[in-house]
Each structure stands twice: as C-alpha cells, then as structure tokens.
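Asks: Residues per chain are reported as follows:
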Amino acid sequence: MLAYLIRRLALMVPVAFLVSVAVFSLIHLTPVDPAELILGEEHSPEAVVALRHELGLDRPLPEQYLTWISHALRGDLGRSVRTNQPVVQAITERLPATLELGIAALAWSVLLAIPLGTVAALRRGSPIDVLATGFTVLGVSVPNFFIGILLILVLSVDLRIFPPGGYTPLAESIPDNLHRLILPAITLGTVTTAINTRFTRSSMLDVLRQDYIRTARAKGASWRQVIVDHALKNALIPVVTVVGIQVGAILEGALVTETIFSWPGVGKLAIDSIFGRDYPIIQGIVLAIAFSYMFANLAVDLAYAWLNPRISYA
Amino acid sequence: MSTSLLAEVAETPVSQPVSLRRLLRTYPRVAVASALLLLLVLVTVLAPWIALHDPVATDPSNALLGPSGAHPLGTDELGRDLFARVIWGSRVSLPVAFVAVAVGLLVGGTIGLAAGYRGGLTDLLLMRVIDAILAFPALILAIAIVAVLGPGLRNAMIAIGITQLPVYARLMRAQVLTLKGLDFIAAVRVLGASPARLIVSHFLPNLLNPLIVQISLSAAAAMLAEATLSFLGLGAQPPTADWGFMMNTGARFLNNDPWLAVGPGVAISVAVFAFNWLGDALRDALDPRLR
Numbered sequence: 001m002l003a004y005l006i007r008r009l010a011l012m013v014p015v016a017f018l019v020s021v022a023v024f025s026l027i028h029l030t031p032v033d034p035a036e037l038i039l040g041e042e043h044s045p046e047a048v049v050a051l052r053h054e055l056g057l058d059r060p061l062p063e064q065y066l067t068w069i070s071h072a073l074r075g076d077l078g079r080s081v082r083t084n085q086p087v088v089q090a091i092t093e094r095l096p097a098t099l100e101l102g103i104a105a106l107a108w109s110v111l112l113a114i115p116l117g118t119v120a121a122l123r124r125g126s127p128i129d130v131l132a133t134g135f136t137v138l139g140v141s142v143p144n145f146f147i148g149i150l151l152i153l154v155l156s157v158d159l160r161i162f163p164p165g166g167y168t169p170l171a172e173s174i175p176d177n178l179h180r181l182i183l184p185a186i187t188l189g190t191v192t193t194a195i196n197t198r199f200t201r202s203s204m205l206d207v208l209r210q211d212y213i214r215t216a217r218a219k220g221a222s223w224r225q226v227i228v229d230h231a232l233k234n235a236l237i238p239v240v241t242v243v244g245i246q247v248g249a250i251l252e253g254a255l256v257t258e259t260i261f262s263w264p265g266v267g268k269l270a271i272d273s274i275f276g277r278d279y280p281i282i283q284g285i286v287l288a289i290a291f292s293y294m295f296a297n298l299a300v301d302l303a304y305a306w307l308n309p310r311i312s313y314a
Numbered sequence: 001m002s003t004s005l006l007a008e009v010a011e012t013p014v015s016q017p018v019s020l021r022r023l024l025r026t027y028p029r030v031a032v033a034s035a036l037l038l039l040l041v042l043v044t045v046l047a048p049w050i051a052l053h054d055p056v057a058t059d060p061s062n063a064l065l066g067p068s069g070a071h072p073l074g075t076d077e078l079g080r081d082l083f084a085r086v087i088w089g090s091r092v093s094l095p096v097a098f099v100a101v102a103v104g105l106l107v108g109g110t111i112g113l114a115a116g117y118r119g120g121l122t123d124l125l126l127m128r129v130i131d132a133i134l135a136f137p138a139l140i141l142a143i144a145i146v147a148v149l150g151p152g153l154r155n156a157m158i159a160i161g162i163t164q165l166p167v168y169a170r171l172m173r174a175q176v177l178t179l180k181g182l183d184f185i186a187a188v189r190v191l192g193a194s195p196a197r198l199i200v201s202h203f204l205p206n207l208l209n210p211l212i213v214q215i216s217l218s219a220a221a222a223m224l225a226e227a228t229l230s231f232l233g234l235g236a237q238p239p240t241a242d243w244g245f246m247m248n249t250g251a252r253f254l255n256n257d258p259w260l261a262v263g264p265g266v267a268i269s270v271a272v273f274a275f276n277w278l279g280d281a282l283r284d285a286l287d288p289r290l291r
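Sequence lines, in order, name chains E and U. All letters in the first sequence, in the order written, are residues 1 to 314 by my numbering. All letters in the second sequence, in the order written, are residues 1 to 291 by my numbering.
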C-alpha cells in the first residue's frame with residue numbers, strides 16, 4: 001500500500017507542475033496587459049512601464065513563474081486588483097459559506113440516493129425503479145440553474161416559503177441560516193443525487209446476483225439482515241469511486257448556485273472576479289480548485305484500493 | 001500458421017457491428033431516444049419555418065406580453081417573440097455541441113491514438129498533459145479559458161472543446177492498447193499492413209461502438225456547458241437567441257413573467273436529456289459487457 005501511495009504521489013508531481021504552469025499562464029494569455037488593467041481607463045505610458053516593472057512583468061517568463069510559484073508555495077497568491085485584499089484572505093473569508101453549502105448538498109444527496117438506489121434495485125422494473133432511473137438521467141440533464149430558478153419560482157415567488165436568496169452567517173442566526181440554505185442546497189445536490197442513485201442501484205444489482213447473498217438467504221438470514229449487512233455494505237464500495245466526480249460536480253455547481261442565490265461563497269467571488277477582470281483572484285481560485293480536486297481524486301483512489309483488496313498496488 | 005488462416009483471423013472483428021434496424025427493434029429505448037433527437041434536429045433545420053417571428057426583431061410596444069395565439073409563449077422585455085427565440089436557440093446549442101465534440105474527438109482522439117500506438121515516452125508525455133486537463137473540473141476549466149479569452153460563443157466553443165479532449169484521448173488509448181494485444185492485429189501486422197492501414201482499416205472500425213456512445217454523452221455535456229457559460233454571461237452575447245442567456249435575463253422577470261426563464265429552460269433540458277438518454281440506451285445496447 002505504501003509503495004502504491006508513493007507511486008501515485010510521484011505521478012502527481014508532473015501533473016501538479018503542468019497545472020501550476022497553466023494557472024500561471026492565465027494572466028499572460030489575456031488580451032489586455034495586466035498593468036493597464038490595474039491602472040484603469042486613464043493612465044500614462046510611463047505609469048504602465050513603471051507598474052510593469054514593479055509587478056515584475058518585464059522580466060523573463062520563467063523567472064516570473066519561479067517567483068510566482070515560490071510565493072504560492074508560501075501561501076502568497078498576490079493581491080486582488082480591485083480591493084487590494086490578499087487573494088488567500090479573500091478566498092478563505094468566503095470558504096465557510098461554500099463549504100456549508102457543499103456539505104449540505106452532499107448530505108441530502110447521500111441521504112436520498114442510497115435508499116432510492118437500493119429500493120430501485122430490489123424492485124427492479126417496478127414503477128419506483130422506472131421513476132428512479134428516469135430521475136438519474138433527468139438529474140444530470142436539467143441544468144442546475146434551471147432547477148434553482150424553478151425552486152425560486154414555486155417556493156419563493158408563489159408560495160413564499162423560502163427566501164429567493166441571500167445568506168445569514170451561522171454565528172448570527174442558525175434558523176435563518178438554515179432557512180436560506182435549503183433552496184441552494186437542493187439545487188446544488190440534484191446532480192450528485194442522480195449520480196449516487198445510479199451507482200447505488202447498479203452496484204446493488206451486481207451484488208444481489210452474488211453467491212454469498214444466496215448463501216446468506218439459504219442459511220435463513222432475515223431479509224433485512226441480507227440487505228443491510230451483506231448486500232448494501234458491499235454495494236457501497238464502488239460508490240466511493242464516484243466521490244471524486246461529485247467533488248467536481250459540487251465545485252462546478254457552486255459557481256452557478258451561488259450566483260443564482262446571491263450566496264457569498266468562493267463561486268460567486270470567482271464569477272464576480274471574472275467580470276471585474278480580477279485575474280489574481282481568478283488564478284487563486286482556479287489553482288485552489290484544481291488542487292482540491294486532484295487531492296480528492298487521490299483520496300478516492302487510495303480509499304478504493306484500501307476497501308477493495310482485489311485492486312493491485314503494483 | 002498458414003497465410004489463409006491468418007487472413008481469416010484478420011477478418012475477425014472484436015465486437016460485431018450491430019445493424020441499425022436490429023438495434024432499433026431490439027432496444028426500443030434507442031428508438032425512442034433517436035426519435036426525440038431527430039425531432040430536435042428537425043426543429044433546428046426548420047427553425048425559420050416553425051418560428052413564424054424574427055427571433056431578434058424588437059418591438060418595445062409589445063414587451064412582456066403573456067402567451068397568446070400570436071405569441072404562443074408571449075414576448076420578452078424587448079418585445080421579441082419568445083417562441084421564436086426558443087426555436088432559434090436550437091441553432092446555437094446544437095452547432096456548439098457539434099463543434100465542441102468534433103474538437104474533442106479529433107484532437108483528443110489523435111492524442112489517444114498516438115499515445116496508445118507509439119507507447120513509451122510519447123505515451124508518458126501525452127498522457128500527463130491529459131492528466132493536467134483532467135485535474136480541473138470541466139466547467140471550471142471552461143470558465144477559466146473563457147475568462148482569459150473573453151466572453152463569446154466562439155471562445156466558449158474552444159473552451160468546451162478543450163474540456164472534451166481527455167475523455168476521447170483516454171478512450172482511444174485504452175481501446176488501442178486492448179486491440180494491440182489481440183491476435184488478429186498481430187496477424188495483420190505480420191501480413192505487412194502499414195501503420196496507417198492498421199489504424200484506418202482495423203483500429204477505427206472496432207472503436208466505433210464505444211465512440212458512438214461517448215459522442216452522444218459528450219454532446220449532452222457540451223450543450224449543458226454552453227448553456228451554463230451563457231447563463232453566467234460568458235457565452236453567447238445579445239441579441240443572439242441562446243437558451244442559457246435567455247434564462248439569465250428571464251430570471252429577472254420571475255415575479256410576473258416566469259415563461260421567459262421556463263421556456264428556454266425546458267428547451268435545454270429536453271435537448272440535453274435526448275442526448276444523455278440516447279447515449280445511455282446505446283451503451284446498454286452496444287456494450288458487450290452489459291449484455
């Protein structure tokens with residue numbers, strides 16, 4: 001297992017390097033000179049030259065990359081062009097809101113998907129199975145912004161049960177925070193619910209065909225025991241592999257969901273920064289997302305190798 | 001082994017191609033999903049005749065009208081016929097998906113083919129580039145690319161195309177690696193086939209089934225990505241009749257004119273669903289492991 005871990009980490013090194021080069025290049029591929037961008041509409045050519053020198057933009061690219069990456073490794077990703085706030089601070093300030101939303105979305109997704117996928121598999125071909133499989137295709141087809149808009153339309157505009165957006169920090173008021181959390185969490189979690197339901201169902205169908213299930217039944221184990229202790233436990237192992245996909249889906253979905261519901265998280269910051277051409281913030285967020293996603297996928301691979309002894313570590 | 005036997009081995013494909021008629025008869029889901037997709041293509045082609053109104057002609061005196069005989073879905077904030085815009089929206093969504101998938105297929109497929117066929121250092125280097133693309137969630141990468149290149153449909157297409165590269169590169173590489181080890185390929189090689197002939201006559205026909213499934217699924221993903229970029233204001237720009245962008249503006253009128261957002265929303269959902277459903281049904285039908 002240790003050798004496998006070392007090999008996986010070694011393979012990550014060149015990829016992490018390429019990712020950092022790509023993120024570094026973002027600012028250099030823009031059609032507008034970053035220095036002109038910071039100075040705004042009115043500026044003299046001398047001011048641009050001076051700022052380019054101050055920012056190091058007049059030095060060779062490899063040198064700029066080395067400076068950037070060495071700062072990044074020490075947790076310094078530069079400052080926002082608009083607010084002059086350090087990028088890392090801007091991101092960490094908004095991280096709790098995004099984490100809360102992501103965890104809530106994943107939680108309801110798992111709580112609904114595992115029972116739904118299990119029941120669909122146990123009653124294969126029944127109306128509930130048809131409904132569940134229909135939902136698994138619909139859930140990945142309907143754009144999450146459309147789900148968000150429909151929820152606002154019905155539950156906020158028509159029925160006035162939930163507010164259409166906004167955020168109250170947990171520390172301020174827990175009930176108000178949760179009240180505002182429900183619609184964005186449903187919006188963000190729909191795709192992952194569909195993915196989880198699908199995998200639970202197909203994995204459960206696979207396990208139910210196994211000999212050890214028949215043996216357990218033949219030995220007189222109760223239906224509940226067979227399903228919960230034997231089938232479900234084994235069926236959930238492959239579901240672990242899609243956690244990586246889900247982390248990706250949540251990160252992507254957060255951008256859209258936070259924009260619709262005015263949720264002050266990292267996703268909304270990213271979109272606002274794109275329109276404000278705040279490239280250091282965009283760079284910082286893209287870098288943070290890519291590395292969290294890479295480590296999530298690594299963790300999934302390791303968890304799967306650990307859970308499934310048939311995986312060879314070689 | 002005699003030459004005639006080698007020739008016979010060379011004729012044996014990995015998976016038998018399924019005839020279209022048999023496919024549609026045996027798998028009704030494929031037939032229904034294909035019919036839905038065909039309908040979508042027809043709407044796209046016949047948009048000028050179905051729509052009745054000009055999708056970009058504004059008429060402020062008739063802004064925000066409710067659904068009526070003259071305007072089946074009502075009009076938008078600039079008095080444009082919403083039904084016409086929804087119908088014409090397919091002319092943005094479908095071509096974008098087509099181009100993005102084509103970019104992914106051609107560039108990604110070539111990378112995968114080269115990596116799998118050449119192996120060694122070529123494989124190692126090319127696949128690390130693919131891994132680097134995969135290190136980003138697809139939509140995040142697309143948004144970052146558009147943020148750099150600037151908003152617009154063309155840049156959105158390029159961005160989505162790039163996010164499509166890895167899936168085709170990996171698919172091609174895996175298939176080529178599998179095929180390379182099979183007897184009939186070894187036989188064709190022994191018979192003196194050139195690499196080009198090997199790829200065109202023997203690799204590609206055997207790759208067709210998994211490719212068709214993937215093309216359908218990634219067309220769905222590309223449409224969804226385009227709609228999302230446009231919804232965020234990073235894709236199609238006004239006055240283009242684009243489903244995602246229409247929802248962006250429609251969301252501001254939810255209180256009194258929900259159709260402005262719901263109409264295009266239904267259109268995107270149906271279109272993406274059709275591709276996803278077809279891909280899913282085809283996978284069940286064509287993947288020999290699932291039979």
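Check each hint, because a few of them may be wrong.
[Claimed, not checked] Ranges between beta-carbon positions, derived for each pair: (1) E:Glu-93 to U:Val-107: 36 to 42 Å; (2) E:Leu-298 to U:Arg-118: 41 to 47 Å; (3) U:Val-107 to E:Ser-25: 15 to 21 Å; (4) E:Phe-275 to U:Arg-189: 54 to 60 Å; (5) E:Asp-206 to U:Val-200: 34 to 40 Å; (6) U:Leu-20 to E:Leu-178: 31 to 37 Å.
Rather than coming from a laboratory, the hints here were simulated on the basis of the structure. No residue lacks a Cβ here, since even glycine has one placed at the ideal position from N, Cα and C.
Asks: Taking the hints in turn, state whether each one holds.
Replies: Cross-check of the supplied hints:
no. : hint                               : verdict
1   : E:Glu-93 to U:Val-107: 36 to 42 Å  : holds (39 Å)
2   : E:Leu-298 to U:Arg-118: 41 to 47 Å : violated (28 Å)
3   : U:Val-107 to E:Ser-25: 15 to 21 Å  : holds (19 Å)
4   : E:Phe-275 to U:Arg-189: 54 to 60 Å : holds (56 Å)
5   : E:Asp-206 to U:Val-200: 34 to 40 Å : holds (37 Å)
6   : U:Leu-20 to E:Leu-178: 31 to 37 Å  : violated (53 Å)
This entry does not satisfy hints 2 and 6, going by the numbered hints stated previously.
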